[in-house]
Structure formats: structure tokens, C-alpha cells
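Sequential numbering from 844 applies to the sequence shown in our numbering.
You may find that some hints are simply not true.
Claimed, not checked - Here are the computed distance ranges between Cβ atoms for each label pair: (1) Asp959 with Glu988: 16 to 22 Å; (2) Glu951 with Ala917: 38 to 44 Å; (3) Ser974 with Lys900: 30 to 36 Å; (4) Glu992 with Pro885: 24 to 30 Å; (5) Asp949 with Glu975: 31 to 37 Å; (6) Met887 with Ser923: 29 to 35 Å; (7) Glu989 with Thr964: 43 to 49 Å; (8) Asp959 with Ile906: 14 to 20 Å; (9) Glu992 with Met887: 33 to 39 Å; (10) Arg918 with Ser974: 16 to 22 Å; (11) Glu890 with Ser923: 42 to 48 Å; (12) Ala920 with Asp959: 23 to 29 Å.
Stated by the list, open to error - With a Cα cut of at most 20 Å, we get these calculated EDC-like pairs of lysine to aspartate or glutamate: (13) Lys900 with Asp941; (14) Lys900 with Glu965; (15) Lys900 with Glu968; (16) Lys896 with Asp950; (17) Lys900 with Glu966; (18) Lys900 with Glu926; (19) Lys981 with Asp879.
Honestly, the hints are just simulated from the structure, not real lab data.
For clarity, every value in this text was computed on a predicted model and none was experimentally measured.
Where a beta carbon is used, it is the ideal one built from N, C-alpha and C, also for glycine.
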Amino acid sequence: MNKLFLSILLIILCTSAGSTLSAQTETNPTVYALMDYMHVSPDMHEEYRELEKVWRKIHTANIASGRYQTWVLARVAFPSGTEASHNYVTRIMFRGNDQLASFMEDDEGIFPSNIDAILTTEELELVERTSEIRTMVKTEIFSSEEYLEAEGTEF
């Protein structure tokens, strides 16, 4: 991702969400969702699923190190409308401004610093082919305005 674009987007989010941020508390901080919308051509679905198994290892390491809270991969089950441009979506959730800012400013990007210890040579090669296997349609970051969570929920 373009670091400059994401840094500017982060500044805009924090600035435009000023009233929301002031209303959030330490126990109920702003939650951010980074959404990636991807298109996978019909002949690439199997390879894409294998690719996401490798990406899952990357996300697991990032979650374990506290870089973000959750990662979800979803397939669009029933697309409709004239602009059905994507068939997969990933969501990365951040709890609070500090976690999002730290992730956005990290020079390593999405990759953990110990990536070579996490992935095999073959897996690293597959990750390098990510843009060949799927097309990134767009990325959006959403911020929470209000949310409820069940008692005992950490998110």
C-alpha cells in the first residue's frame, strides 16, 4: 500500500472523527476496520485459497504481537447490483488510535519483522505472487461511531 496515501488517510480519519474520538473512552475506544476488496478470476479461486492460508500465518503473527486485533477473510456469497466488482473481502480490526497509527506508520507494512521464520521459501514465493493471483479493487478504513459488545467481549 502507498504509505503516503495511508498516512494522509489516517490524519483525515483522526481529524474528521474528532467528536467521536472525544466521546470514546479508554474502555470503549474507537474501533477501526481496514477493508480490502479483492477480485479473483474464476480460474484462480483454488490458488487464491492457498494464498490466503499463507497470509493467515502472517495475520496470526501480527495479532499475536498486538499489531491488530482480528483478521477476517470473507467470500461474497451473493453479489448483486451493477457494481459487483469484488468477490472477496478481508477485514483487519484495530482497537484505538494508537494501534491503527502504529500499524500505518510501521516501515515493515503488513509483514512481521520475523517473516522468514514464519514462512517457508515456497510460501514466501507465493506471497510475492499475490498481485498476480488477485486484483485489489479498493481499500477503505472505517471508524466506529457507536458500538455495543456483549459482556466479557474483548472487542
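Here's how the hints hold up against the structure:
no. : hint                           : verdict
1   : Asp959 with Glu988: 16 to 22 Å : violated (40 Å)
2   : Glu951 with Ala917: 38 to 44 Å : violated (25 Å)
3   : Ser974 with Lys900: 30 to 36 Å : violated (19 Å)
4   : Glu992 with Pro885: 24 to 30 Å : violated (38 Å)
5   : Asp949 with Glu975: 31 to 37 Å : violated (25 Å)
6   : Met887 with Ser923: 29 to 35 Å : violated (22 Å)
7   : Glu989 with Thr964: 43 to 49 Å : holds (46 Å)
8   : Asp959 with Ile906: 14 to 20 Å : holds (19 Å)
9   : Glu992 with Met887: 33 to 39 Å : holds (37 Å)
10  : Arg918 with Ser974: 16 to 22 Å : holds (19 Å)
11  : Glu890 with Ser923: 42 to 48 Å : violated (26 Å)
12  : Ala920 with Asp959: 23 to 29 Å : violated (36 Å)
13  : Lys900 with Asp941             : violated (24 Å)
14  : Lys900 with Glu965             : holds (14 Å)
15  : Lys900 with Glu968             : holds (14 Å)
16  : Lys896 with Asp950             : violated (24 Å)
17  : Lys900 with Glu966             : holds (10 Å)
18  : Lys900 with Glu926             : violated (32 Å)
19  : Lys981 with Asp879             : holds (6 Å)
Hint compliance for this structure: hints 1, 2, 3, 4, 5, 6, 11, 12, 13, 16 and 18 are broken, all remaining hints hold.
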